[in-house]
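A.B. asks: Which chain is which? The protein sequence lines are A and B, in order. Quick note: the first sequence uses our numbering, first residue 1, plus one each step. Quick note: the second sequence uses our numbering, first residue 1, plus one each step.
These are calculated hints, taken from the structure and not from any lab test. In this text, a Cβ means the ideal position worked out from N, Cα and C, and glycines have one as well. Hints should not be assumed to be uniformly reliable.
What the hints assert, rightly or not - Computed footprint of chain A on chain B, listed as stretches where at least three residues anywhere in the stretch have a Cβ under 8 Å from a Cβ of chain A:
1. 130–140
2. 272–286
What the hints assert, rightly or not - Label-pair ranges, simulated between beta-carbon atoms:
3. A/T89 with B/T196: 38 to 46 Å
4. A/P133 with B/E199: 17 to 25 Å
5. B/G280 with A/T122: 20 to 28 Å
6. B/N173 with A/P85: 38 to 46 Å
7. B/N86 with A/P73: 52 to 60 Å
8. A/P73 with B/K203: 54 to 62 Å
So the chains spell out like this:
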Amino acid sequence: MLNTYKILGLIGTLTVAGLLITACTSSNATQSDRKALVKVNPSSSPTASTGMSKMNMSNSGTANSKTHQSAAPNQVTIENFSFAPATLTVKAGTKVTWINHDDVPHTVDENDKRFRSGTMDTDDQYSYTFSSPGTFSYFCALHPKMTGQVIVK
Amino acid sequence: MSNKVKEVPEGQEMQRRSFLKCMAWAGAGVLWVMNAGVLSSCTLLQAGSRRGKFSFVQISDSHIGFNKEPNPDATKTFGEAVNRVNALPETPAFLIHTGDITHLSKPEQFDTASQILKGAKSSQIYFTPGEHDVFTDDGKLYLERFGKNTQGNGWQSFDYDGVHFIGLVNVLNLKQGSGTGLGGSGFGQLGQDQLTWLEKDVKGLSNSTPIVVFAHIPLWTIYPDWGWGTEDSAQALSFLKRFGSISVLNGHIHQVLQKVEGNVTFHTARSTAFPQPAPGTAPAPGPLKDVPADKVRTLLGLTEVTFVNNTSPLALVDSTLA
């Protein structure tokens with residue numbers, strides 16, 4: 001049994017890729033700088049309970065602050081293929097908003113499909129109101145290694 | 001994995017072994033060994049009788065709808081790939097698209113992909129979905145558009161000139177995965193229904209039937225931290241291990257990687273849309289963004305596969321769009 005391959009151009013390709021990685025890493029700094037300028041919705045006012053099956057796509061958050069994402073309450077930032085904070089604790093009735101700051105699409109899918117965001121492209125938001133206590137683990141359907149949870153008290 | 005080393009002339013086996021030993025995917029340090037693989041391949045091709053020769057082309061990860069750095073027009077580069085296929089001296093028997101046809105599973109993105117593929121000289125095209133084709137509706141739209149003549153969630157098999165082709169779907173029902181191992185790997189998965197079907201599908205085939213398997217996410221574990229592997233691929237491969245020649249074609253990782261393990265050769269294809277970093281060389285997978293415009297096409301491409309003969313089944317040639 002022989003395995004026959006022609007690997008044309010591979011050497012050149014890998015070399016180029018190796019050089020590019022440095023460039024790519026440096027672009028992350030640019031992305032972080034940009035993040036600080038993105039307007040976010042710091043509102044934490046609970047909305048009426050919507051039931052666990054209801055999904056709300058929200059792109060209408062009132063942008064009245066330039067607060068850094070990590071400082072915004074009840075908000076989860078998606079950046080560099082991770083959810084931050086990875087664990088968020090809120091009171092029942094709280095609306096939580098996820099914002100995608102990556103250049104690739106992500107999703108927020110609860111493990112038991114209790115809520116699913118659908119496509120979140122760059123800078124898209126998704127909100128879900130947690131009406132009852134519990135632990136809700138979620139992940140990105142495109143990148144299942146990305147995980148997070150919301151603990152509702 | 002059973003092995004057919006006895007059939008291999010000693011010199012060639014030595015070459016293959018040194019290829020195996022150093023055929024690590026990580027980094028450029030193993031490039032000289034890749035050279036040995038190439039030399040070996042050339043020798044074999046020249047020596048081989050080309051009985052029953054036919055070729056097919058693998059295209060992958062067209063991500064129609066992607067419009068960011070480093071490629072603002074993934075539709076255009078996909079069109080270029082099809083033109084490149086059409087320009088081949090011999091029209092391939094068929095095309096295989098190994099998934100991520102679209103970027104966001106939108107109807108208009110599926111439409112655009114279909115439209116471009118209508119321009120292909122080879123009218124026969126086989127598909128398997130990527131996670132980008134199924135993540136919003138569990139594959140409903142994909143199956144409507146591209147799932148004709150498939151079973152279950154889109155898996156299929158067909159025979160061409162004595163070779164048995166198997167298209168597997170490993171991008172549905174993905175589970176969250178923060179750890180490793182069953183249920184928590186964040187890997188692709190085939191699922192029991194498909195595995196049951198696969199076992200039955202190959203049951204009546206003789207051991208000498210060449211097998212070609214195609215699926216989106218690699219069926220070998222390339223990089224667990226990025227979920228680049230398939231959770232239950234070992235079970236699938238266990239149904240195939242009795243066959244003398246198994247070739248596995250995947251996409252998903254947007255770069256060429258190859259591995260030989262016993263009588264199985266694994267191969268991943270480039271994307272026609274954007275390149276991704278080598279495993280572990282960046283904080284996360286995703287488009288390599290800062291690629292100079294004149295270099296992008298050197299990192300995009302397609303794979304032409306030529307069936308050579310019954311004992312050394314496939315010669316894979318990856319060409320770029322440059």
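A.B. asks: A separate judgement is required for each hint: does it hold in the structure or not?
C.D. replies: Going down the list of hints, with the structure as the test:
no., hint, verdict
1, 130–140, "holds (count 4)"
2, 272–286, "holds (count 9)"
3, A/T89 with B/T196: 38 to 46 Å, "holds (43 Å)"
4, A/P133 with B/E199: 17 to 25 Å, "violated (45 Å)"
5, B/G280 with A/T122: 20 to 28 Å, "holds (25 Å)"
6, B/N173 with A/P85: 38 to 46 Å, "violated (27 Å)"
7, B/N86 with A/P73: 52 to 60 Å, "holds (56 Å)"
8, A/P73 with B/K203: 54 to 62 Å, "holds (59 Å)"
The structure does not agree with the numbered hints 4 and 6 stated previously, though it agrees with the rest.
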